[in-house]
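Peer 1: Can you build the whole structure from these sequences, using the hints too?
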Amino acid sequence: MKICIIAVGSELLLGQITNTNGTYLSQRFNEVGHDVLQHIVVGDNPKRLERVMSEALKYHDAVILTGGLGPTKDDLTKQTVASLFNTTLEMDQEAMTYIENYFKEQNKTMTPNNKQQALVIKGSKVLKNEVGMAPGMYLEKDSKIVALLPGPPRELKPMVKHELMPYFTNDENTIYSEMLKFCGIGESQVETELMDLIDAQTNPTIAPLAGAHEVKIRLTSKDETIDQCKANIQPVKDEILSRIGMYYYGSDDVLLEEAFMHELQDSISIYDEVSEGALYPRLQAYNDQKLLTGYLPENEAFVDPNMPVEARLEFSAQLVQSLFKSKIGISICNEGKTIYVGILKNDHFKSMQFEMSHNYTLKRDRSQNYVLIRLLKDLNRTT
Numbered sequence: 001m002k003i004c005i006i007a008v009g010s011e012l013l014l015g016q017i018t019n020t021n022g023t024y025l026s027q028r029f030n031e032v033g034h035d036v037l038q039h040i041v042v043g044d045n046p047k048r049l050e051r052v053m054s055e056a057l058k059y060h061d062a063v064i065l066t067g068g069l070g071p072t073k074d075d076l077t078k079q080t081v082a083s084l085f086n087t088t089l090e091m092d093q094e095a096m097t098y099i100e101n102y103f104k105e106q107n108k109t110m111t112p113n114n115k116q117q118a119l120v121i122k123g124s125k126v127l128k129n130e131v132g133m134a135p136g137m138y139l140e141k142d143s144k145i146v147a148l149l150p151g152p153p154r155e156l157k158p159m160v161k162h163e164l165m166p167y168f169t170n171d172e173n174t175i176y177s178e179m180l181k182f183c184g185i186g187e188s189q190v191e192t193e194l195m196d197l198i199d200a201q202t203n204p205t206i207a208p209l210a211g212a213h214e215v216k217i218r219l220t221s222k223d224e225t226i227d228q229c230k231a232n233i234q235p236v237k238d239e240i241l242s243r244i245g246m247y248y249y250g251s252d253d254v255l256l257e258e259a260f261m262h263e264l265q266d267s268i269s270i271y272d273e274v275s276e277g278a279l280y281p282r283l284q285a286y287n288d289q290k291l292l293t294g295y296l297p298e299n300e301a302f303v304d305p306n307m308p309v310e311a312r313l314e315f316s317a318q319l320v321q322s323l324f325k326s327k328i329g330i331s332i333c334n335e336g337k338t339i340y341v342g343i344l345k346n347d348h349f350k351s352m353q354f355e356m357s358h359n360y361t362l363k364r365d366r367s368q369n370y371v372l373i374r375l376l377k378d379l380n381r382t383t
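Straight run, no breaks: the sequence shown in full-length UniProt numbering ends on number 383.
Hints are computed from structural coordinates only; laboratory data are not their basis.
For each residue, glycine too, the CB sits at the ideal point set by N, CA and C.
Hints are all accurate, no fakes.
Taking lysine-lysine and the DSS-like style, the derived pairs with C-alpha atoms no more than 27 Å apart in a straight line are:
1) Lys161 - Lys222
2) Lys2 - Lys161
3) Lys144 - Lys125
4) Lys58 - Lys141
5) Lys47 - Lys58
6) Lys345 - Lys290
7) Lys73 - Lys128
8) Lys122 - Lys47
9) Lys161 - Lys115
10) Lys290 - Lys325
11) Lys128 - Lys115
12) Lys377 - Lys345
13) Lys325 - Lys350
14) Lys122 - Lys2
15) Lys58 - Lys125
16) Lys73 - Lys122
17) Lys230 - Lys128
18) Lys144 - Lys47
19) Lys290 - Lys104
20) Lys157 - Lys230
21) Lys125 - Lys47
22) Lys157 - Lys237
23) Lys216 - Lys230
24) Lys157 - Lys144
25) Lys327 - Lys377
26) Lys73 - Lys108
27) Lys104 - Lys73
28) Lys2 - Lys141
29) Lys377 - Lys350
30) Lys377 - Lys290
31) Lys47 - Lys73
32) Lys141 - Lys125
33) Lys122 - Lys157
34) Lys237 - Lys222
35) Lys157 - Lys73
36) Lys345 - Lys325
37) Lys47 - Lys141
Estimated spans, in silico, between C-beta atoms of each pair:
38) Glu130 - Ala210: 28 to 34 Å
39) Asp199 - Gln353: 31 to 37 Å
40) Thr202 - Gly43: 46 to 52 Å
Peer 2: Laid out in structure tokens, this is it:
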């Protein structure tokens, strides 16, 4: 199948955000044997979008659109597609009920424009949005396929995996992948630990992939159904985790900071003199349970930088625990190439350390992941 992916949004053309959805969709379609032949980015302009779509439908079997399904005036993707296909929009009651319940739970007044998110193209198959408000759509017309997906990657990825991809596979040729994600271990060590499995791979296949600060292992199975593919993958996954499970933090779209915040059972506060505050927004994005009660970047007014590092580590953990009223105080300090992590809980203090490059950027960026994987491993040992 020949596929064209159209990303809708003027913010993409202005360079305000990166089109990571295009990369993700290409990977998913190629995994199941389809060819993505073209990527197009178009701004929030209905006439240009209609022209681009008309051209794309001439040369491709399927057109996938991302973005433009929200509540604002510039979110016009489904209206444009409906107009192109000479049809109308109708209310999806399940989506509408979800939106209404969301605003009730948040004790907020729902503005009328939010109803727009529950409108779908008449005759389309609704793709459920498990994370956000706007549902996706799948429709077939004149032997062509068109799918509309939300723009935020956090909403798009689970919708693609669970709602859209079944339409692009069949029972005779189903391909399913699970991406295992690891941090704190290098690609060469992963290959050494798993070499016998990699050499003997059949179904599923095993593909180690190096990332910026992590290693991924893609397990891909081909069988008659997705359930059979999952059954093929499970014993191989279990064997991999029995060898390097101490570095594993999640699968597929799970981020390291998300995994860490999900495992938390007690409130924490953090003193951080390494990442220049960059760690805070990563954790705060998944602070739904409000267990991160406070965060203090390096500050000489609170912590004397001339204090010996071990003393500084324990003092700063006590400081944030007391200051932010958390059950656990965490401190991150550094001395030369060494990063120190301190954990204070129930009046018991313990510390760990690891070596990092002197390179400023690597120390600031990569150390965050090394700290999180060590804290995650500590949580798993104590829960």
